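Protein chains in written order, with this note's numbering: chain A, 1 to 338; chain B, 1 to 130; chain C, 1 to 294.
Because the hints were derived from the structure by calculation, they are not lab data. Heads up, none of these hints are tricks.
Looking from chain C toward chain B, a few residues come up when the C-beta cut is under 10 Å (computed):
#	residue
1	V32
2	L172
3	E174
Here are a few chain B residues that sit away from chain C, every Cβ distance over 12 Å (derived from the structure):
#	residue
4	L2
5	K33
6	G34
7	D110
8	F117
9	V121
None of the values given here were measured: they were computed from a predicted structure. Where a beta carbon is used, it is the ideal one built from N, C-alpha and C, also for glycine.
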Amino acid sequence: MTWLALRQFRTAAYATTAALAVILALLAATGVGLRDRYSALRPACGSGGPECSVVAQAFFRENRSAWLAAIALVLVVPALVGTFWGAPLVAREVETGTHFVAWNQSTTRRHWLLVKLRVLSLAAMLTAALCTAAVSWWSSPLDEVAIGDFPLMDPLMFAARGVAPVAYALFAFVLGVTVGMLVRRTTAAMAATVALLITAQVLFPVLVRPHLAAPVETTTEISDHRSDGFTVERVGPDSAALLPGSSGAWFLSSTIVDPSGTVVDSIPVSASGPCVSPVNQDRAACFAEMGELGYQFQVRYQPLSHFWPMQARESAVYVGLSLALAGLCLWRVRRNLT
Amino acid sequence: MLEFYLEPASGLPPYLQLVRQVRQALQLGVLRKGDQLPTVKEVVAGLAINPNTVQKAYRELEHQDLVAARPGVGTFVTRSLGSTSLAAHSALRSELHDWLARSRQAGLDDESIEALFVAAVRAQARGDVA
Amino acid sequence: MTAALEADGLGLRYGRSWALADCTLEIPAGRVVGLVGANGAGKTTLLSLASGQLTPSAGSISVLGGRPGSGRVQLAKVGFVAQGTPTYAGLSVRDHLRLGAKLNPAWDDALAQARIRRLGLDPRRRARQLSGGQRAQLALTLGLAKRPELLLLDEPVAALDPVARREFFGSLMEAMAENDLTVMLSSHLVADLERLCDYLVVLAESRVVLAGSVDELLATHHRLTGARREGSRIPRSHKVICASHTERHSTLIVRAREPLLDPTWTVSRLTLEDLVIAYMVAAPPDRTLLGVAQ
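Build out the structure end to end from the sequences listed, making use of the hints.
Laid out in structure tokens, this is it:
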């Protein structure tokens, strides 16, 4: 049965291998130069002077498009796997009637599907792992430079680094198979798979990921460079600058709390104080007044130190979902398809 | 070797058609004692018919003592039919020619002649003389 | 001898409609069974149930003593060439044979190779490059070389020209002559079935309306023609399957338990096709009244 699974997968495997080879070669070729340039930045940054940041930003800007493309690649691989390997796996067989060929050999349907799932899941995970590892290696100098604007814990970065992409690939593949099995039309199944994967990638960071580890909650004084005026809902990368040690963190929320710790919408500043006077507004004095009144920013975030525990938990969730879907497929395949 | 055919319009069951073809071949001397009949497999592959039909036909021929099956070898003709009458064929044929000529003179067309002939054969087979 | 297929009250329902209902059959082994009926009469459903592709929603079915599709052993005993004789378009002929060899413990590679050679199929050709007849032959090869005891074929020649059809059935019957094989095939082409089948199952409107050995069915069914009259004049030993009348003339197709002695009827033989059509027209079953048609 493994032979059949591999034989049917052969064309796709060749194409994927070729594409991977091109991508890996490209990353290897440019990655070395990138590293050289990065080490060249060291002398400027060794003293830690302000010119370091300028040079580093210039270095990042130069490579920004390629860096984003590499992230996109890692994010797209699971979707491709789900759409082109997963969705057609059963759907195409049913559509062309070849499932009758496969299911009338001396092999049970369940075994047929189990072997196919096993072989292709491994291939899917291997592809994602190779891609992610290569891109992570290539990007690492830029990731360090970009950490202010693109913290590693940020949803975009988090999904493109570590082990999570491998779990996404597994999930995407099994989801594709499940959809294909229920829809039984290849094109429709492919479209539905893409839609579901995008939904999952949008909803998961919003609904599930913040709860994968208890976020760090801290308060800090309201000050000029910590917020853009009085907008309390702003959760921005610049927040990292105000909390020492929060570099690379994912900011979940920042609110203003009164002295008792209750979240408030507005601060009752004195009418004659520095916050109100339109002529002579003194922002620093205004913030100082707020501080005196006992108002503070309260910030919740997932620090960089949570990266690996959260990667492990997120992967576990996706692997669990994949196993559940695989179980559903194996149960469904024994029942009447038509 | 004998090659079988099927006539869908004959109204005869396929196995009887095979039996009749063997008998005719024996009567005409196409098949002689010792000749081998095609194997069931060959007949079946050629005609695309049910092997049970061929087996049934061969069993029927065996039953009539015309052929015998030698296991693992094939089915062979054990006696010939009408080899003696074969000599009489030409004489009978010329008589028939004369009869046909007389029938045409009497104003019968081909269809009527055939009907008359078939009716006579049937009547004789039933035992009474027309 | 055990039955090749036994069904008792077998049925399959999709939602509220029955694709096959109340099917009770006992098909002896070693036969070539013809399955006839209009489109949607339940032929494919019956074959799919027998091969284990579908599970029944009512009644029971036993194939060669086992539950269809119940495991490797049962799957090995039954071959199924599905409608349209599907093959893997991207796989070569050789790949198909390897597939068969890898997935079937009783695979007869010598037989498969010999068939492919005799059919003149290039082992390197992909299935999509083959003609319809060649694809059907490839599918049949897969079905035969797994050495099943029962081979099910669903409209195997529907897309083939007469020559390819003859070749297909020729090789099927040849295989049947060589092995202990029961064949069950559905077809619209009753003329083909007439040559092939010695057992007949007629389906109409999801029900079995006739089943039996062809010899017996032909021996017990007759066409009666004579002056027009009413059904009460038919002896009770004769069941009228269908009847048609003109002003002065009646034609009946009857199933007889004993010879008809009434000399006012002319009795003639039926072909298998006459018989099949009589039952297909007469559906639903048990319609014994006269004057159904016209």
